[in-house]
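> As they're listed, the protein sequences go chains A and B. Using the numbering used here, the first residue of the first sequence is number 1, and each one after it goes up by one. Using the numbering used here, the first residue of the second sequence is number 1, and each one after it goes up by one.
Please note: incorrect hints may appear among the correct ones.
For chains that are exact copies, the list does not tell them apart, and a pair is met inside one copy or across any two.
Said to hold, decoys possible - Simulated crosslink set (EDC-like; lysine to aspartate or glutamate; CA at most 20 Å straight-line): (1) K353 <-> D450; (2) K100 <-> E533; (3) K302 <-> D449; (4) K414 <-> E511; (5) K115 <-> E167; (6) K353 <-> D449; (7) K232 <-> E250; (8) K115 <-> E131; (9) K495 <-> E324; (10) K169 <-> D365; (11) K171 <-> D508; (12) K100 <-> E530.
None of these hints come from the bench; they were simulated from the model.
Protein chains: 2
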Amino acid sequence: MSQIFLKNIGLNGVTKGDKMAKRVVIVGAVALGPKVACRLRRLDPEAEITVVDRDNLISYGGCGIPYYVGGDIADIEGLYSTSSHVVRDPEFFRACKGVKIIPSVEATGINRQEKKLDVRYLADGKTETLEYDKLVIATGATPFRPPIPGANLPMVFTVSNLHNAQEIKEKIADGQVGKAVVIGAGAIGIEMAEALTDLWGVETTIIEMADQVLPAALGKNMSKVVENQLEKNGVKIILSERVERINSDEASRVTSVETSSGTMDCDMVVMSAGVRPNTQFAADSGLAVGRSGALLVDRCMKTTDPHIYAGGDCVELRNLVSGENMTMPLGSLANRQGRIIANNIHGRASQFKGTVGTFCIKVFDMGVATAGLTSAQATANGFDPVHAIVSQPDRAHFYPSAQLMFIKLIADRKTRKILGIEAVGGQGDAIKARVDAIAPLFQVGLDVDDVCVLETGYAPPFASAMDIINNAGNALDNILENLNKPIDVIDFVEKFKNDEIRVLDVRDTIEAEPFVEKYPDRWLNIPQSELRERLNDVSREEPICLVCGTGARSYECQTIFIQNGFTNTINIQGGHAMIRIIDPEFI
Amino acid sequence: MSQIFLKNIGLNGVTKGDKMAKRVVIVGAVALGPKVACRLRRLDPEAEITVVDRDNLISYGGCGIPYYVGGDIADIEGLYSTSSHVVRDPEFFRACKGVKIIPSVEATGINRQEKKLDVRYLADGKTETLEYDKLVIATGATPFRPPIPGANLPMVFTVSNLHNAQEIKEKIADGQVGKAVVIGAGAIGIEMAEALTDLWGVETTIIEMADQVLPAALGKNMSKVVENQLEKNGVKIILSERVERINSDEASRVTSVETSSGTMDCDMVVMSAGVRPNTQFAADSGLAVGRSGALLVDRCMKTTDPHIYAGGDCVELRNLVSGENMTMPLGSLANRQGRIIANNIHGRASQFKGTVGTFCIKVFDMGVATAGLTSAQATANGFDPVHAIVSQPDRAHFYPSAQLMFIKLIADRKTRKILGIEAVGGQGDAIKARVDAIAPLFQVGLDVDDVCVLETGYAPPFASAMDIINNAGNALDNILENLNKPIDVIDFVEKFKNDEIRVLDVRDTIEAEPFVEKYPDRWLNIPQSELRERLNDVSREEPICLVCGTGARSYECQTIFIQNGFTNTINIQGGHAMIRIIDPEFI
């Protein structure tokens with residue numbers, strides 16, 4: 001690689017005007033585009049690198065928009081400045097990076113035969129044709145605006161660029177927004193709802209057509225935790241409904257939204273109903289796109305044209321767990337791909353194999369992280385998913401700052417390969433740490449036994465001796481081996497409320513008492529320490545759910561029941577800790 | 001596995017009195033021993049399980065001792081209670097776990113031929129012989145007490161069990177300790193020094209015979225960061241010295257310690273000079289031990305006797321990076337091994353492959369985490385280590401709670417395989433997250449390119465779009481490709497102080513000015529944005545170090561120099577951020 005490099009820069013260091021210089025045109029200057037350009041310049045001083053972008057603001061951290069709206073970032077320039085507070089504008093890229101960026105220019109078509117890109121200057125409509133040796137498509141994606149009446153009213157926003165971010169913040173700061181509706185409970189919808197509620201006290205409602213928040217990332221049990229967290233912090237949530245119309249007054253001011261079940265007053269609507277890749281001009285030139293409309297690329301990020309690369313939000317990536325293609329619009333993946341593309345253009349065969357779908361989000365003071373497939377996605381992909389849910393402190397239970405953490409770990413029943421993980425808890429870095437510790441292993445075929453012995457850093461201020469991630473593996477192993485016969489809290493609560501199931505609480509009497517008093521016929525109590533002597537107090541007939549603080553002792557008790565021939569016990573996964581966070585009103 | 005299980009518990013659930021019941025004797029009841037016993041009971045209701053321990057206190061979190069001494073944990077019972085505040089004593093194990101633990105009993109010998117363990121009751125000296133089908137050795141390790149005059153004085157402590165933990169705390173609380181000396185700057189020494197200083201205001205000095213703290217875990221550059229952190233918080237550090245004698249007065253009270261270079265007053269000495277495995281009785285029976293004196297075990301944790309298992313601090317583990325055996329006395333590994341041993345005794349071939357040496361420690365408000373080999377260890381193991389050091393915020397630089405993090409990533413030059421990682425920073429969970437994200441991959445042969453594209457969770461409150469772990473990979477790739485020619489800060493500072501090197505500061509003039517004023521002949525300033533036009537201001541002759549805020553821009557500038565034929569530039573890894581943390585007095 002160093003030899004290639006030395007050859008390309010020439011022996012005498014003179015670089016300009018070499019007629020062999022490679023012409024590289026990059027369409028898009030937000031995340032991946034500038035990364036390709038700058039890396040390539042560092043590899044190749046001769047290349048003629050031109051980046052064009054529709055927008056006049058470039059190289060910004062779009063994922064920071066909710067934190068700008070919510071006030072964590074005071075000044076919008078923070079989102080397009082370097083860590084040393086230099087604005088990343090075309091002059092910065094010219095002077096510091098040796099890269100030419102032309103803003104406010106739109107790509108309109110590709111003549112692949114002649115290797116030419118047609119562009120149009122948005123200021124005056126002039127068109128031009130740029131010749132390329134290599135073309136990079138980094139056009140990203142555009143938020144989807146559901147085609148409903150009122151979708152184009154002035155106070156209906158998407159979260160797509162810094163201009164509308166600024167406009168949203170101005171309207172709120174102006175006092176124009178008392179109530180807002182967010183359409184869609186994906187990551188951006190939730191982050192925007194937090195921003196509106198937390199800083200500005202806007203009465204915010206999220207309306208989601210699925211029956212849970214974060215449907216692409218979480219199973220129902222964990223999504224319920226996030227829903228409670230949002231509601232506890234003042235965000236209203238309406239699930240399983242669609243917004244059918246946005247109403248306005250005679251001055252075109254938003255007044256309300258209508259769903260199938262009613263009307264809700266609001267002054268602003270934020271649409272966060274997913275994104276669509278910006279690939280029309282590329283697809284028109286005959287480049288192959290996938291079902292999502294995003295471009296198909298190989299592991300070198302090359303499209304179906306060997307002279308055209310693409311990456312970021314406008315391509316499909318291979319999901320390394322399911323093997324299927326997916327889009328994964330994240331600035332982090334775009335940046336990593338950018339370096340890969342530059343390497344390949346320069347002649348080094350770097351690869352980007354795909355994604356395991358690692359995802360994280362802050363929801364007020366809670367952290368949520370996931371990777372791989374949800375149980376539903378696993379089933380849809382032909383797996384037979386089995387899961388464990390564990391509750392455990394995120395550090396040694398005796399360490400003062402310990403907080404409860406909840407992990408759902410999913411494996412395929414037959415192969416025992418890990419398919420997914422979902423984690424929530426109060427200390428976000430610790431949540432992310434657990435998911436990051438196993439997600440990169442999904443692609444090498446991590447199985448349940450590997451998780452049981454997974455080695456992660458241990459000291460009481462950071463972890464338990466048997467960390468929650470290992471215990472999640474242990475619990476899943478026990479479930480697969482039929483030593484632990486579990487029920488999820490969300491299913492337990494439903495059954496219990498429908499009077500379909502009894503409970504045996506194996507905690508100490510003082511802890512179980514309030515429940516026993518409230519449900520004298522259906523909530524029994526035998527402390528774990530007495531269970532071996534009192535097995536005959538428990539019927540062998542009808543099903544009975546075992547519960548303790550976290551699901552660990554109730555599992556231990558279940559092994560005693562099973563060893564004594566009981567076939568009717570079911571262990572509540574995550575115990576009272578999980579019940580409290582899933583259904584705080586349970587008692 | 002479930003079939004084996006069903007067979008073993010019998011079809012009718014009747015389990016007691018079966019004459020085929022397996023007799024399992026476990027020596028040691030701190031971490032691994034109880035884990036084996038409890039797991040085995042859950043797998044096998046029939047087994048006769050007996051655990052013996054020398055101590056009267058059992059099943060405690062020894063790693064929590066410094067936090068008990070330092071006051072984070074008020075009550076010592078916290079260290080041997082469950083998370084639901086039940087004391088883990090023999091009665092608890094009997095009633096809740098179905099396991100018999102006999103405290104205050106010492107193992108004295110093994111008759112392997114007849115499968116018998118000789119024990120002695122410490123209370124009355126009575127002896128007994130326990131027959132076993134399977135024996136488990138979980139005897140742990142004992143702190144090494146260097147054989148120097150005064151080593152056995154009453155105020156000279158090791159940190160080995162709850163009794164001396166309690167005694168240390170009582171002496172301090174009594175006001176008997178104004179000054180303390182800690183011998184050894186490993187993890188326990190540092191944690192104890194923090195405990196003494198932080199809560200009690202004891203004037204504490206650590207004396208270490210190596211030339212750095214944490215010599216087994218960190219390279220010199222990073223160890224300097226930890227030394228500064230300790231000193232900033234009031235702990236005095238003396239390196240490259242041995243304590244040769246501990247002096248006392250006529251009442252046997254400790255008065256001072258003597259080293260080769262002088263005498264230091266103190267009232268208490270804490271010895272934390274490593275541990276020695278408790279394996280004498282086992283070795284005497286002919287079981288094979290390694291160079292460390294710890295027992296040799298296979299992947300099933302079986303010793304050289306097929307009926308004897310061992311695990312925890314008294315065995316050698318395979319280091320999965322070097323391939324060599326090592327001891328790794330950590331409660332976390334012991335617990336994971338405990339489950340493996342129980343599985344194997346029960347007939348399921350579970351494996352524990354070894355360790356990558358993951359380690360973490362809190363040092364006041366700083367987190368330190370490492371895995372794999374240090375550069376010195378890598379060299380000693382026949383590798384040719386190359387490393388990168390990067391400074392970067394631990395979350396998006398525009399996110400308000402972002403703090404700087406420092407990572408050293410080490411790879412083998414020829415194979416590009418990752419050999420080690422060291423990380424330090426202000427937010428410990430975030431530090432641990434980075435190390436945990438790559439350490440489990442060491443054993444599958446992670447290389448530098450894998451780290452460049454490593455997928456970890458991204459959202460601005462938790463990470464940068466190009467996370468520091470990826471940038472560590474990128475930097476190391478650039479170094480291996482000769483695009484980045486680096487120098488460590490610690491080496492730079494030495495050369496600069498010896499007047500051997502000049503600096504080109506590529507930050508803005510206002511930032512560089514104080515340095516330029518102080519060293520007008522040796523500290524040049526050309527802001528990055530002007531460099532392409534001002535290359536001729538820089539001599540091509542003598543070596544010049546490039547510096548910026550973090551090492552990123554100075555690397556970019558170095559590529560410009562190299563592309564223009566300069567061969568004399570050296571990039572200061574980690575930039576001013578690293579200089580400030582390595583040598584806060586530099587300017």
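> For each hint, tell me whether it holds in the structure or not.
Structure-based check of all given hints:
no.	hint	result
1	K353 <-> D450	between (22 Å within a copy, 10 Å between copies)
2	K100 <-> E533	between (80 Å within a copy, 16 Å between copies)
3	K302 <-> D449	between (37 Å within a copy, 18 Å between copies)
4	K414 <-> E511	neither (39 Å within a copy, 61 Å between copies)
5	K115 <-> E167	neither (39 Å within a copy, 80 Å between copies)
6	K353 <-> D449	between (25 Å within a copy, 11 Å between copies)
7	K232 <-> E250	neither (36 Å within a copy, 66 Å between copies)
8	K115 <-> E131	within (6 Å within a copy, 83 Å between copies)
9	K495 <-> E324	neither (36 Å within a copy, 55 Å between copies)
10	K169 <-> D365	neither (22 Å within a copy, 36 Å between copies)
11	K171 <-> D508	neither (55 Å within a copy, 37 Å between copies)
12	K100 <-> E530	between (76 Å within a copy, 16 Å between copies)
Checked against the numbered hints above, the structure breaks hints 4, 5, 7, 9, 10, 11 and satisfies the rest.
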